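Residues per chain are reported as follows:
Number of protein chains: 2
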Amino acid sequence: MNNFDFYNPVKILFGEGKIGEIGNEIPKDALIMMTYGGGSIKRNGIYDQVIKSLSAFKIIEFGGIEPNPKYETLMKAVELGRTKKVDFILAVGGGSVLDGTKFISAAIPFAGNDPWDILKKPGKIEISNAIPYGTVLTLPATGSEMNMYAVISRDSTTEKLSFGHPLVFPKFSVLDPVVTYSLPDNQIANGVVDAFVHVIEQYLTYPVKAYIQDRWAEGLLQTLIEMGPKALTSPLNYDVRANVMWSCTLATNGILSLGVPTDWATHTIGHELTAFFGLDHAVTLAIVLPSLLRDTKEEKRQKILQFAERIWNIKVGTEDRIVDEAIEKTEAFFQSLNVKTRLSDYGITKEQIRPIIQRFEERRWKLGENKSIDSERIQRILLASI
Amino acid sequence: MNNFDFYNPVKILFGEGKIGEIGNEIPKDALIMMTYGGGSIKRNGIYDQVIKSLSAFKIIEFGGIEPNPKYETLMKAVELGRTKKVDFILAVGGGSVLDGTKFISAAIPFAGNDPWDILKKPGKIEISNAIPYGTVLTLPATGSEMNMYAVISRDSTTEKLSFGHPLVFPKFSVLDPVVTYSLPDNQIANGVVDAFVHVIEQYLTYPVKAYIQDRWAEGLLQTLIEMGPKALTSPLNYDVRANVMWSCTLATNGILSLGVPTDWATHTIGHELTAFFGLDHAVTLAIVLPSLLRDTKEEKRQKILQFAERIWNIKVGTEDRIVDEAIEKTEAFFQSLNVKTRLSDYGITKEQIRPIIQRFEERRWKLGENKSIDSERIQRILLASI
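One line per chain: the protein sequences are D and L, in this order. When we follow numbering that gives the first Met the number 0, the leftmost residue of the first sequence carries the number 0, and every step to the right adds one. When we follow numbering that gives the first Met the number 0, the leftmost residue of the second sequence carries the number 0, and every step to the right adds one.
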């Protein structure tokens, strides 16, 4: 097991009715900026629940944070927050609203000239303050509600970059499985795929004798495999939705990656597919992961064999065949949730992926747990994903 | 899945050499009170490592905190801390030193007349302040290093009581598996039993469709079963010790009990065996648990069947036989670690347990996840443990 540090001070309020308790978690007399997305919370009643719960507070609103939240949009919230001198932010939404709010929280008091530096120059600029915030999660997927990371896009440069800082952990996050009942099927399916890939990227690397982390990763994968399809066929089953929701949070609250190598290449490549083609985040993961696993199966062999046996119960066949079958079953799992796994399913051709390869060539990034995935391999992986 | 709240702000520094980093975690200019036990840390080099790491700080020492830490001893540390006006406490030891330090941390600034009220009147007295503290764990077992609970004994009344408060979470805990190399076998074995029973008490209750919590509990049990014996036969195997150490912490950091019923009857009964006979904490658990499971096997049937299949791989036989076999295997696991499972192994007779039964009769406590374990059942369980 590798050395590690762990710190996660987010308070979780989990369960039906928990939105009613958020008033207790926010400092009295705080001026709250409530951030949200396209307005679905006004149609499904979540907005009303939140407003009722915060009747003792003064609230200003900032709606319209889009999926893959844009720097350009978020800077308007930063301006609003600065002008009104907000004391607390309440993010009501999915991963995009939460990620966007993390950026807003850090950018409002940011002392530098250009808040884009928070994303562009991580580690080189100082974040010494952040507006405290809480979240009401409406879409289980990214785990943003219990970590300190955010991914932000910028239209003007077609960039999608991430940052993380201990000051942008949420103070609290409310997870009420009931709020997910009204979500469209594809968003639930996307959430399950996103969480599944998050776990895989912390689990399918090379073994370091971190037996607990392996078992816990496997426990989440098993739960997602069992609950994911049921979340689509029985959308009003509270316990199914509760297990999906909690799985998504635990997949990225940091506990799985302690003391183990992590990959994250699928996410990094996927971000570019979103930046260039506007594909849903989870869709890009379902496209990239199978090809990436095939391309890295020698490096990941030992863990894929464990994954094959413990998760997919594959026990017979040559090692090569077992590895291939585990990857096939993973791809089939995504498809069983009606998430497509090929670029061509979205009409994307070989020619269209060239700018992505070019960008990786320029960046000279080496991805994956072994830093072995260079632009050449990324090209091969993307071509195999057509 | 039941509703739950979760909050755990403890920073964990895990791995070889991490003692060297504690200076970064303590406020500059703090006057530190270092608490420890019987002095083994001076013989095995841990004391020197800590002192070296804190060379920039002023330190006063309070040694001599005994196993099952005593109120009478701890109050001396409270007096010292008050007199010297300490700003920070560093607990270096096992669960007893850590639990004792939690009490010291809360008692130094306690505004009430009698600090014993912290234990005697939980919820009825106010803890509004605590001296911040960190820990260097020397004995993996109780998980005290990552939770807000402590168990304290009082000689004058033969009581062993617990308290918990969010203000007594450690600020940080250092877990270096290397420091466990010099532990005697029986302490390692006790730690494995303690952690195993902690997991069981959050897992073997009644099912509430909390599938992740089940899987994670099972993951820890499997790891303890695989690593426990190896920790005795290969005491210098870093990865074995690391997995045991991290399992012990995760067993009681709160994450397993979220949204599920918990039992804790074994611990509550075991505490009395320690209070009356001075038995090691883990020894009392190894004695009580098998009899308790046999006495409650109808209430726990569904989960014991799951435990039998997933942990002990028992798949054939009648349900009754499977349940019995799972309990037998659990008892045999404790014995395989050379931890005895009978009161008679320690020369304790039927007559001697009468005062314990009397005390439970007076208290009229109903223990267990169903509040169904009354003094009559406790008598039956203890008699079956002879």
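Honestly, the hints are just simulated from the structure, not real lab data. Keep in mind the model is a prediction, meaning the values are calculated, not measured. Hints should not be assumed to be uniformly reliable.
Identical copies look the same in the list; a pair holds intra-copy or inter-copy alike.
[What the hints assert, rightly or not] Quick list of in silico lysine-lysine cross-link-like pairs, BS3-like style, CA-CA up to 27 Å:
(1) 119 with 84
(2) 27 with 170
(3) 208 with 229
(4) 365 with 84
Hints and how they fare:
Taking identical chains as interchangeable, the C-alpha atoms of residue 119 and residue 84 lie at most 27 Å apart only when both belong to the same chain, with a minimum of 26 Å there against 46 Å between chains. Within a single copy, residue 27 and residue 170 get their C-alpha atoms as close as 15 Å, and across copies as close as 26 Å, so both meet the 27 Å cut-off. Taking identical chains as interchangeable, the C-alpha atoms of residue 208 and residue 229 lie at most 27 Å apart only when they sit on different chains, with a minimum of 13 Å there against 33 Å within one chain. Taking the shortest alpha-carbon separations for residue 365 and residue 84, neither the intra-copy value of 42 Å nor the inter-copy value of 53 Å comes in at or below 27 Å.
Comparing the model with each earlier hint shows a violation of hint 4 alone; every other hint is respected.
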